[in-house]
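Note that the protein sequences, when read in sequence, are chains A and B. Under the working numbering, the residues of the first sequence are numbered 3 to 279, in order. Under the working numbering, the residues of the second sequence are numbered 476 to 785, in order.
Heads up, some of the hints might be wrong.
Said to hold, decoys possible - Listed below are the simulated SDA-like cross-link pairs for lysine to any residue, each with C-alpha atoms no more than 25 Å apart in a straight line: (1) B:K496 x A:Y173; (2) A:K174 x B:A512; (3) A:K62 x B:A512; (4) B:K496 x A:D67.
FYI, nobody ran anything at the bench for these hints, they're computed from the structure.
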Amino acid sequence: MAEKLTAEQVSQLEDRAKAVRRSIVSMVTEANSGHPGGSLSAADILVTLYFAEMNVDAQKPNDPDRDRFVLCKGHAAPVLYATLAEKGYLPHEELLTLRKIDSRLQGHPSMKDLPGVDMSTGSLGQGLSAANGMALASRIDGRKNRIFALLGDGELEEGMVWEAAMFAGHYKLDNVTAFVDFNGLQIDGPVAEVMSPLPIPEKWLAFGWNVIEIDGHDIHAIYDAIQTAKTVKGQPTVIVAHTVKGKGVCQMENVADWHGKAPTKEECELFLGELDD
Amino acid sequence: MGKATREAYGDALRDVGAELKDIVVLDADLSKSTKTAVFAKAHPDRFFNVGIAEQNLMGTAAGLAAAGKIPFVSTFAMFAAGRAYEQVRNSICYPKLNVKIAATHAGLTVGEDGASHQAIEDISLMRTIPNMTVIVPADATEARKAVEFAAKYKGPVYLRLGRSSTPDIFGDSYEFEHGKAVQLADGKDLTIIATGIMVAPARKAAEELIELGISARVLNIHTIKPIDKEAIAKAAQETGAIVTCEEHSIIGGLGSAVAEVIVESTPVPLERVGVMDTFGESGKPDALLVKYHLTTADIVKAAKRVISRK
Numbered sequence: 003m004a005e006k007l008t009a010e011q012v013s014q015l016e017d018r019a020k021a022v023r024r025s026i027v028s029m030v031t032e033a034n035s036g037h038p039g040g041s042l043s044a045a046d047i048l049v050t051l052y053f054a055e056m057n058v059d060a061q062k063p064n065d066p067d068r069d070r071f072v073l074c075k076g077h078a079a080p081v082l083y084a085t086l087a088e089k090g091y092l093p094h095e096e097l098l099t100l101r102k103i104d105s106r107l108q109g110h111p112s113m114k115d116l117p118g119v120d121m122s123t124g125s126l127g128q129g130l131s132a133a134n135g136m137a138l139a140s141r142i143d144g145r146k147n148r149i150f151a152l153l154g155d156g157e158l159e160e161g162m163v164w165e166a167a168m169f170a171g172h173y174k175l176d177n178v179t180a181f182v183d184f185n186g187l188q189i190d191g192p193v194a195e196v197m198s199p200l201p202i203p204e205k206w207l208a209f210g211w212n213v214i215e216i217d218g219h220d221i222h223a224i225y226d227a228i229q230t231a232k233t234v235k236g237q238p239t240v241i242v243a244h245t246v247k248g249k250g251v252c253q254m255e256n257v258a259d260w261h262g263k264a265p266t267k268e269e270c271e272l273f274l275g276e277l278d279d
Numbered sequence: 476m477g478k479a480t481r482e483a484y485g486d487a488l489r490d491v492g493a494e495l496k497d498i499v500v501l502d503a504d505l506s507k508s509t510k511t512a513v514f515a516k517a518h519p520d521r522f523f524n525v526g527i528a529e530q531n532l533m534g535t536a537a538g539l540a541a542a543g544k545i546p547f548v549s550t551f552a553m554f555a556a557g558r559a560y561e562q563v564r565n566s567i568c569y570p571k572l573n574v575k576i577a578a579t580h581a582g583l584t585v586g587e588d589g590a591s592h593q594a595i596e597d598i599s600l601m602r603t604i605p606n607m608t609v610i611v612p613a614d615a616t617e618a619r620k621a622v623e624f625a626a627k628y629k630g631p632v633y634l635r636l637g638r639s640s641t642p643d644i645f646g647d648s649y650e651f652e653h654g655k656a657v658q659l660a661d662g663k664d665l666t667i668i669a670t671g672i673m674v675a676p677a678r679k680a681a682e683e684l685i686e687l688g689i690s691a692r693v694l695n696i697h698t699i700k701p702i703d704k705e706a707i708a709k710a711a712q713e714t715g716a717i718v719t720c721e722e723h724s725i726i727g728g729l730g731s732a733v734a735e736v737i738v739e740s741t742p743v744p745l746e747r748v749g750v751m752d753t754f755g756e757s758g759k760p761d762a763l764l765v766k767y768h769l770t771t772a773d774i775v776k777a778a779k780r781v782i783s784r785k
């Protein structure tokens with residue numbers, strides 16, 4: 003087991019996550035469209051990955067030995083772009099071009115447009131297969147890099163996710179770590195009511211995965227789970243992260259309507275004020 | 476009778492795989508039929524069966540390509556182009572990843588399995604996706620050369636292969652030129668443009684037409700996309716009438732692609748030989764080709780019709 007994060011490191015990561023959340027609110031407001039709820043719920047996970055774990059370098063976005071990240075729930079593009087901006091892949095000002103014509107920041111991530119995006123995603127269910135392919139390539143080449151993927155809980159309703167889960171379990175892809183951003187809400191309401199993918203941990207277990215359940219807003223817990231995943235051999239790991247949709251902005255928290263709605267300018271100022279506290 | 480194009484695919488894949496170590500082959504539980512088993516036997520460390528899961532087949536290939544591999548994926552054309560259409564579009568073609576889709580058992584000649592397995596829309600589906608190259612070999616030699624080309628070309632390729640044996644058309648010295656039509660006979664009264672297994676009957680039709688006093692140019696279009704606009708426009712200008720032949724729906728395939736080219740360059744009468752807007756059925760491949768009007772005689776009839784419209 004790797005060492006734990008210090009209180010100071012956690013506090014720095016929490017500040018980063020706040021900055022990412024502010025960017026998400028600003029960019030979605032400026033675009034007047036986009037997906038704030040599921041972006042805010044995943045902010046702590048992405049910040050921990052990009053600033054405490056992943057071997058990535060904005061100066062070498064195509065390094066074959068880099069760790070890779072696949073945002074399976076591609077509609078959460080704002081959290082990826084905001085994190086990449088923090089990491090130096092693009093200037094912060096560019097975040098305000100989200101979803102506008104001629105921008106590199108497509109409504110859903112496009113790897114051809116923006117360095118740092120490891121896979122084009124957006125159509126739900128397709129990302130984990132791609133992550134598996136990357137992991138297989140690493141294994142064939144004898145590389146030590148790791149592949150991370152982030153899925154939505156509603157996304158688990160796509161059958162292809164389970165084709166990919168079966169594949170990773172069958173081929174024992176222990177260099178794959180998947181997160182489920184388990185915020186409990188999808189467009190039409192609670193996932194448990196629309197088309198329940200529950201129970202989630204048991205399903206992954208049945209496909210041969212190592213399963214860890216955590217509070218997805220606890221930086222310590224996210225980091226520790228990643229370290230545990232690295233020690234598990236012969237099995238991929240899924241980290242089922244219990245999160246809150248819209249986390250950090252109390253008006254948005256746990257409200258399905260904020261899945262794909264932009265704040266007004268007035269709401270934006272209110273929300274940014276809350277995120278400054 | 477020569478070999479089936481899928482047989483040539485398996486052999487070519489094994490050979491090109493020995494040369495290019497980045498080639499990785501994936502199959503969806505059909506490796507004996509698609510002939511990827513030939514590759515698997517020679518290079519077991521670079522072959523992976525994904526099971527009966529075609530969406531994951533395409534997605535995994537996308538990830539392999541994103542990490543620098545040259546994945547060749549195979550399954551029946553129905554599942555490659557149909558079931559996994561959106562994975563091909565969004566995970567492979569949108570990011571222009573270097574994935575080669577070798578789809579076998581295309582068209583009516585899959586035979587007894589019937590309509591559910593007879594992909595007659597796949598050319599149409601695949602050619603409409605940006606960044607996709609669509610290749611339909613006419614015989615075993617052309618299939619082998621197309622595999623060699625695809626392995627070295629950077630970007631997505633859809634390679635359409637058949638189940639049944641096809642007559643040999645090309646010799647070993649044949650050079651595959653991407654996007655270039657191959658003229659197999661010259662003539663002045665019309666041009667017969669054919670692809671895949673319809674190239675052999677097209678050639679035969681031209682021979683029969685000579686006896687009727689009709690001189691037909693014959694073009695083999697192996698690359699449906701990007702299509703050889705120049706050769707098609709030239710054929711329209713010089714012969715004034717065109718017949719297209721494909722083992723595919725007349726909607727959206729070669730016939731449509733040729734129509735698009737000629738109406739934008741030299742509008743001339745066109746007749747399309749292909750599967751009319753209908754599903755197939757179970758039967759022996761040859762009997763199906765007769766019933767669905769894909770024979771030499773059908774091409775001759777279409778040639779006479781098109782000349783009468785000049």
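Which numbered hints fail | Of the numbered hints given earlier, the structure breaks just one, which is hint 3.
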